[in-house]
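The primary structure of each chain is shown beneath.
There are 2 protein chains.
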Amino acid sequence: MTTESDARDELIDLAADFYDQFADGKIPEMKLPTRTKSNIEYDTESGVWTYGDRTSTRSANSVRGARKLLKAAYTIEFLADQLDEDRSSTLRELYYLSESWDNDEAQFKSQDESNDLVEDLEIVTGVTREDFHMRPEESGATLMGPLLIREQTRRGEREIHCQEDVGTGGYQIPNNPDMIEFLDDDIDFALAVETGGMRDRLVENGFDEAYNCLVIHLKGQPARATRRITKRVHDELDVPVAVFADGDPWSYRIYGSVAYGSIKSAHLSKYLATPEAQFVGIQPEDIVEYDLPADPLADSDINALESELEDPRFQTDYWEEQIELQLDIGKKSEQQSLASRGLDFVTDTYLPERLDAMGVI
Amino acid sequence: MTTESDARDELIDLAADFYDQFADGKIPEMKLPTRTKSNIEYDTESGVWTYGDRTSTRSANSVRGARKLLKAAYTIEFLADQLDEDRSSTLRELYYLSESWDNDEAQFKSQDESNDLVEDLEIVTGVTREDFHMRPEESGATLMGPLLIREQTRRGEREIHCQEDVGTGGYQIPNNPDMIEFLDDDIDFALAVETGGMRDRLVENGFDEAYNCLVIHLKGQPARATRRITKRVHDELDVPVAVFADGDPWSYRIYGSVAYGSIKSAHLSKYLATPEAQFVGIQPEDIVEYDLPADPLADSDINALESELEDPRFQTDYWEEQIELQLDIGKKSEQQSLASRGLDFVTDTYLPERLDAMGVI
Numbered sequence: 001m002t003t004e005s006d007a008r009d010e011l012i013d014l015a016a017d018f019y020d021q022f023a024d025g026k027i028p029e030m031k032l033p034t035r036t037k038s039n040i041e042y043d044t045e046s047g048v049w050t051y052g053d054r055t056s057t058r059s060a061n062s063v064r065g066a067r068k069l070l071k072a073a074y075t076i077e078f079l080a081d082q083l084d085e086d087r088s089s090t091l092r093e094l095y096y097l098s099e100s101w102d103n104d105e106a107q108f109k110s111q112d113e114s115n116d117l118v119e120d121l122e123i124v125t126g127v128t129r130e131d132f133h134m135r136p137e138e139s140g141a142t143l144m145g146p147l148l149i150r151e152q153t154r155r156g157e158r159e160i161h162c163q164e165d166v167g168t169g170g171y172q173i174p175n176n177p178d179m180i181e182f183l184d185d186d187i188d189f190a191l192a193v194e195t196g197g198m199r200d201r202l203v204e205n206g207f208d209e210a211y212n213c214l215v216i217h218l219k220g221q222p223a224r225a226t227r228r229i230t231k232r233v234h235d236e237l238d239v240p241v242a243v244f245a246d247g248d249p250w251s252y253r254i255y256g257s258v259a260y261g262s263i264k265s266a267h268l269s270k271y272l273a274t275p276e277a278q279f280v281g282i283q284p285e286d287i288v289e290y291d292l293p294a295d296p297l298a299d300s301d302i303n304a305l306e307s308e309l310e311d312p313r314f315q316t317d318y319w320e321e322q323i324e325l326q327l328d329i330g331k332k333s334e335q336q337s338l339a340s341r342g343l344d345f346v347t348d349t350y351l352p353e354r355l356d357a358m359g360v361i
Numbered sequence: 001m002t003t004e005s006d007a008r009d010e011l012i013d014l015a016a017d018f019y020d021q022f023a024d025g026k027i028p029e030m031k032l033p034t035r036t037k038s039n040i041e042y043d044t045e046s047g048v049w050t051y052g053d054r055t056s057t058r059s060a061n062s063v064r065g066a067r068k069l070l071k072a073a074y075t076i077e078f079l080a081d082q083l084d085e086d087r088s089s090t091l092r093e094l095y096y097l098s099e100s101w102d103n104d105e106a107q108f109k110s111q112d113e114s115n116d117l118v119e120d121l122e123i124v125t126g127v128t129r130e131d132f133h134m135r136p137e138e139s140g141a142t143l144m145g146p147l148l149i150r151e152q153t154r155r156g157e158r159e160i161h162c163q164e165d166v167g168t169g170g171y172q173i174p175n176n177p178d179m180i181e182f183l184d185d186d187i188d189f190a191l192a193v194e195t196g197g198m199r200d201r202l203v204e205n206g207f208d209e210a211y212n213c214l215v216i217h218l219k220g221q222p223a224r225a226t227r228r229i230t231k232r233v234h235d236e237l238d239v240p241v242a243v244f245a246d247g248d249p250w251s252y253r254i255y256g257s258v259a260y261g262s263i264k265s266a267h268l269s270k271y272l273a274t275p276e277a278q279f280v281g282i283q284p285e286d287i288v289e290y291d292l293p294a295d296p297l298a299d300s301d302i303n304a305l306e307s308e309l310e311d312p313r314f315q316t317d318y319w320e321e322q323i324e325l326q327l328d329i330g331k332k333s334e335q336q337s338l339a340s341r342g343l344d345f346v347t348d349t350y351l352p353e354r355l356d357a358m359g360v361i
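Chain order of the listed sequences is F and R. Residues 1 to 361 (UniProt numbering) make up the first sequence, in order. Residues 1 to 361 (UniProt numbering) make up the second sequence, in order.
Keep in mind the hints are simulated off the structure, nothing from the lab. Please read all numbers here as calculations on a predicted model, not as lab measurements. Mixed in with the good hints, there may be bad ones.
Same chains, same label: a pair holds when it works inside one copy or across any pair of copies.
EDC-like, lysine to aspartate or glutamate: derived pairs with alpha carbons at most 20 Å apart [to be verified]: (1) K109 <-> D291; (2) K219 <-> E137; (3) K270 <-> E41; (4) K26 <-> E181; (5) K270 <-> D81; (6) K31 <-> E353; (7) K219 <-> E138; (8) K26 <-> D53; (9) K331 <-> D184; (10) K109 <-> D295; (11) K31 <-> D235.
Build out the structure end to end from the sequences listed, making use of the hints.
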């Protein structure tokens, strides 16, 4: 986590660069890694997506380039003031807020433009947008398990135990999960769960208590805040992370975004990705072994599986075997299909067997 | 709220009816209100959708009818056992679970079938599915405001103050909000907010503290649990409820589902709808008056507005005027477009002006 004053300094440094370039009689410019697909690589050593060596230059030597740097300067001023006043805003608010700026040329024409600029600033300064106090729109995970946290809020500190001080719905993490500190825990592993129905099943069956497990609700494709908290739980509490999702190609992508990051957020892999995260299931193998109720693969499923076979993140023996098996049996199953063996099967049998086989418990 | 044993009794009574009919040498049957659109009426007096007088009969005098009653009997047994053991399950789990039943004829062929049956049982018994302990898949609202609640959980009671004992993310209501009791409050009104970005803005600006307001995050089209808690806040705390959403026809529907219920859940209007709820905005009038950044209406927006003009829920002078104005100006605006006047405009100017004009504050 970057402190507010560090984040502010990084931004001011960037503006100071423009100033120095002007003072030296140079046309101001800003260097960025090239963000095309060909300059984004899967780094097999760290197990995440990273940028290659190529860079592009934004220069004020054209009207278009000058306008981009003008917008950057206004945005830097807004963000620096925001940090100064300890306030925050959303990406969408930034876009609308630019209408109040005194220079029409600095106003954003679309939200894509302001989003991209904030991403540029993240990359150039090495500070995440959360540390600029830019909040995402979507809310992140809920947590349930033997973990005591301290959250810094504008209304003072809150100490919350994620089992004893929360209702059935669990603890809702803030949009910037770096406002949380882990104070104490009794966690042996974290289980990141795709669907609300399964998350509620685990909580009702007391799985978090029985296994000292932190249940993280991914809510489908996980938000940045959810991936960040998962990463922090893994690194700071030094516990294994397992992802429990449906048995279809879209859910393997959910696992992939937790474990390996995404092309879009390649500059944040170090901050968001948990390459050590393992996939619990539903595995295609489970559909066969536990004879789970299944639906036939649709054409779009088959295409997605085939493109996963080409995806460097899934080029391991394990994934090739599972994906080929799935194409072979032509079936997919949901997490909740485990209920066909009774409501306790998932917590009494399936998860203990799988987590044991994976070496997690 | 129906107690577990009352809910169980209602279900057993229904099964006992089948039994008595058999004993009397009659072909068993079950009577239901006809659930076609023509038998659902907007009741102007209560201000919500209700069923008309027509009923249909499910009789075992055909194989198809007999199979429906068989499925009903198995489902009743499952639900009665579930209530007995104080457990719960999701609609999706019920569908999968039927695969474990010993009679193949009783198994559901699709989730639509099991969903419809549970709805039938709700209607016939007058007990909501939450009181059968059927949990929804989606999670409900978060609350932030001066409200002390007590939640019954499987792990004991939790007393939580929805400002002092929660983080920035607020209190996540349980899937069955009737597990909550309101213990104490200092609430003058509730504000149900569509988007996460705006909810976070109100919390950051301390609007809940400054105005003794309970901020309910609708999360787009509100889940049943969210509509239920909104209704309970209105009725039990005796405070006005205002809905704050985007200024487009889809958001007016969100308001409509909070205020008037929906055709699909006409049997639950008494339980879910808050006809007294008022619409704060964004009003088409506000787009003009505050000169908000706006997007042109798409064809689908225009169609939706025109169909709202035909919708009995929107046939009031207020809505006709607003919708016609919107068709006239051809624009829509989002809640967060208020940021074009600065980040505090919504809490310092817009909401106080609107809520005052509405008589809420």
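Is it within, between, both or neither when you check K270 against D81 at 20 Å Cα-Cα?
-> The answer is neither: 27 Å in one copy and 49 Å across copies each exceed 20 Å.
Is it within, between, both or neither when you check K26 against E181 at 20 Å Cα-Cα?
-> Neither: 45 Å inside a chain and 67 Å across chains, both beyond 20 Å.
20 Å Cα cut-off: does K331 pair with D184 within a copy, between copies, both or neither?
-> neither (43 Å within a copy, 52 Å between copies)
From the Cα coordinates, with 20 Å as the cut-off, is the pair K109 and D291 best called within, between, both, or neither?
-> between (54 Å within a copy, 17 Å between copies)
State whether the alpha carbon distance between K219 and E138 is at most 20 Å within one copy, between copies, both, or neither.
-> both (11 Å within a copy, 9 Å between copies)
Within a copy, between copies, both or neither: where do K109 and D295 come within 20 Å Cα-Cα?
-> between (45 Å within a copy, 12 Å between copies)
If the cutoff is 20 Å on CA atoms, where do K219 and E137 land: within, between, both or neither? Let me know, please.
-> So K219 and E137 pass the 20 Å test inside a copy (14 Å) and across (11 Å) alike.
Alpha-carbon proximity context of K31 and D235, limit 20 Å | neither (31 Å within a copy, 59 Å between copies)
With 20 Å as the alpha-carbon cut-off, assign the pair K26 and D53 to within, between, both or neither.
-> neither (25 Å within a copy, 82 Å between copies)
Within, between, both or neither, where K270 and E41 count as close if Cα-Cα is 20 Å or less | within (14 Å within a copy, 57 Å between copies)
Same-copy or cross-copy closeness of K31 to E353 [CA-CA at most 20 Å] = neither (51 Å within a copy, 47 Å between copies)
Hint compliance for this structure: hints 4, 5, 6, 8, 9 and 11 are not met, and every other hint is.
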